[in-house]
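Trainee: Here is how the chains run, residue by residue.
There are 2 protein chains.
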Amino acid sequence: MKLINSISRMATLVKILRKEGKTIGFVPTMGYLHVGHMSLVKAAKKHTDVVVLSIFVNPLQFGPKEDFKKYPRDIKRDEALAGDAGVDIMFCPSVSEIYPEGYATYVNVENFTDKLCGISRPEHFKGVATVVAKLFNIVKPDVAYFGQKDVQQAIVIKKMARDLNMDIEIKAMPIIRESDGLAMSSRNIYLSEAERREALVLNRSLEKASALTVAGERDSGKIIKEMKELISQKPMVKIDYVSIVDTKDLKDISVISGEALVAIAAIVGSTRLIDNVIVKA
Amino acid sequence: MKLINSISRMATLVKILRKEGKTIGFVPTMGYLHVGHMSLVKAAKKHTDVVVLSIFVNPLQFGPKEDFKKYPRDIKRDEALAGDAGVDIMFCPSVSEIYPEGYATYVNVENFTDKLCGISRPEHFKGVATVVAKLFNIVKPDVAYFGQKDVQQAIVIKKMARDLNMDIEIKAMPIIRESDGLAMSSRNIYLSEAERREALVLNRSLEKASALTVAGERDSGKIIKEMKELISQKPMVKIDYVSIVDTKDLKDISVISGEALVAIAAIVGSTRLIDNVIVKA
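Chains as they are written, first to last, in the numbering used here: chain P, 1 to 281; chain H, 1 to 281.
One or more hints might be untrue.
Same chains, same label: a pair holds when it works inside one copy or across any pair of copies.
Here are the simulated SDA-like cross-link-like pairs (lysine to any residue), alpha carbons at most 25 angstroms apart as the crow flies [said to hold, decoys possible]: (1) K22 x E101; (2) K248 x P100; (3) K76 x V57; (4) K251 x Y103; (5) K65 x I4; (6) K208 x D84; (7) K251 x S186.
Don't read these hints as lab results, they were simulated from the structure. Just so we're clear, the structure is a prediction, and the values are computed from it rather than from any experiment.
This is chain P alone, in the form it adopts within the complex (with noise of 0.2 angstroms):
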């Protein structure tokens, strides 16, 4: 496996492998790697030549009062994981390389990014589209993988890999848990034993949203309050919403017919987690 800081050798090693006629397959990730990550790898390894995985961990879509700083870092320990799931090329860019003195360019998904965690997080998804569409202009991918569990952020990439003509293919991959069902993510090591227990509630609130789709259930309004009646049993689980939307435009949905996404953002402790499931009428 390569690994590569500067965006100028991925830039030249990309030219190398179109040259070549290699297909591209990409997993922009901000590192602390998992098996979800994992996950988007083998998918890539399937149906591309390539596997180009990225770390960068993104000050543009974090907050004023987020977690930037204090996200898990170990590069060591990322390289070791991608190397042995068959990456082949490992990027890292800098932040100063990424976003240098006098930046100004941004690019946003008007419209997907003030819903769900846009209301509470306003940056955010201008923070991932840019980031995603620079990468994407330095990779040059045929396929790029994003994962289920941050809903949002695939629905808002395919968006704008439509609307601006990009010519890549986005693949938003499953929900991987853990053995009890808490949804993979880098910030799971911020819980304490106490809260990581707790935060299996949203799994569980989930699987009774598609319980009731299921026993034929079509009403949002009760979906939500029984999923809310069962995480306030639990202290230590702050709800930061538990919405049922339109899976192309987001927007809330009050009788679901079709599919619909269930989607939820809750504060454990103090750490913000997020979970999903797409229901079907």
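We have chain P; now place chain H onto it with these hints.
Mentor: The following block gives chain H in isolation, referenced to the frame of chain P:
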């Protein structure tokens, strides 16, 4: 010359050209071609294998009270001119294909789009950056050519391309003028004969700025004052701005040292015209 209307056909053709190892020169325009545009085509032909000229009157870059509807359009005439100039592909996408229903993604070069023309046209450069980002992704040029007459546009696009790591060289080509000195613009056809005569004061005021700088004047305020006095002698010409700014960040300069951009915008009758010159201390 090939005339292409569909985005997917354009993208397919680009893929073929790329495979053949051809370099692509791109001249994005709003049509109603004139000698200024042709100078861009000439430059593109000199340096690249295939020249793509696009014609797209971009609604996103017109304000609600501006001239989107009446902007001059004549595809037949443009086709003849482009063919004569040696354009290989003329790309004329439709508004509904460029901005399909639900379009949501915008590119903005902050700090560069709220100055000069951006003050009276607040959404203009966001519209320009967005459509050019899209066209770049479709046409995938090696080099793109812009006219120095729209100097702020050229600077915004250069900044966008660099910030978003687009692997495209942006060239700003010299202003082409009518024999009487008026900067070429598709909007010049709006001018009555009398307006046209008075409009010449724009170029003359820029010549005055150049002459003053050559003579040793370094005080921007004094130069601007003399320019405004000259322009005020023409009752049909209403100044929008006369500014002397840094060519890199478009910030006002009070004392000229090194290179400075003298830029002017004025409403002549009901037609908004712009012009500029670069002076050197």
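Trainee: So, for every hint listed, does it hold in this structure?
Mentor: Outcome of the hint check:
| no. | hint | in the structure |
| --- | --- | --- |
| 1 | K22 x E101 | neither (34 angstroms within a copy, 35 angstroms between copies) |
| 2 | K248 x P100 | between (35 angstroms within a copy, 15 angstroms between copies) |
| 3 | K76 x V57 | within (15 angstroms within a copy, 51 angstroms between copies) |
| 4 | K251 x Y103 | between (33 angstroms within a copy, 15 angstroms between copies) |
| 5 | K65 x I4 | neither (31 angstroms within a copy, 50 angstroms between copies) |
| 6 | K208 x D84 | neither (37 angstroms within a copy, 69 angstroms between copies) |
| 7 | K251 x S186 | neither (28 angstroms within a copy, 42 angstroms between copies) |
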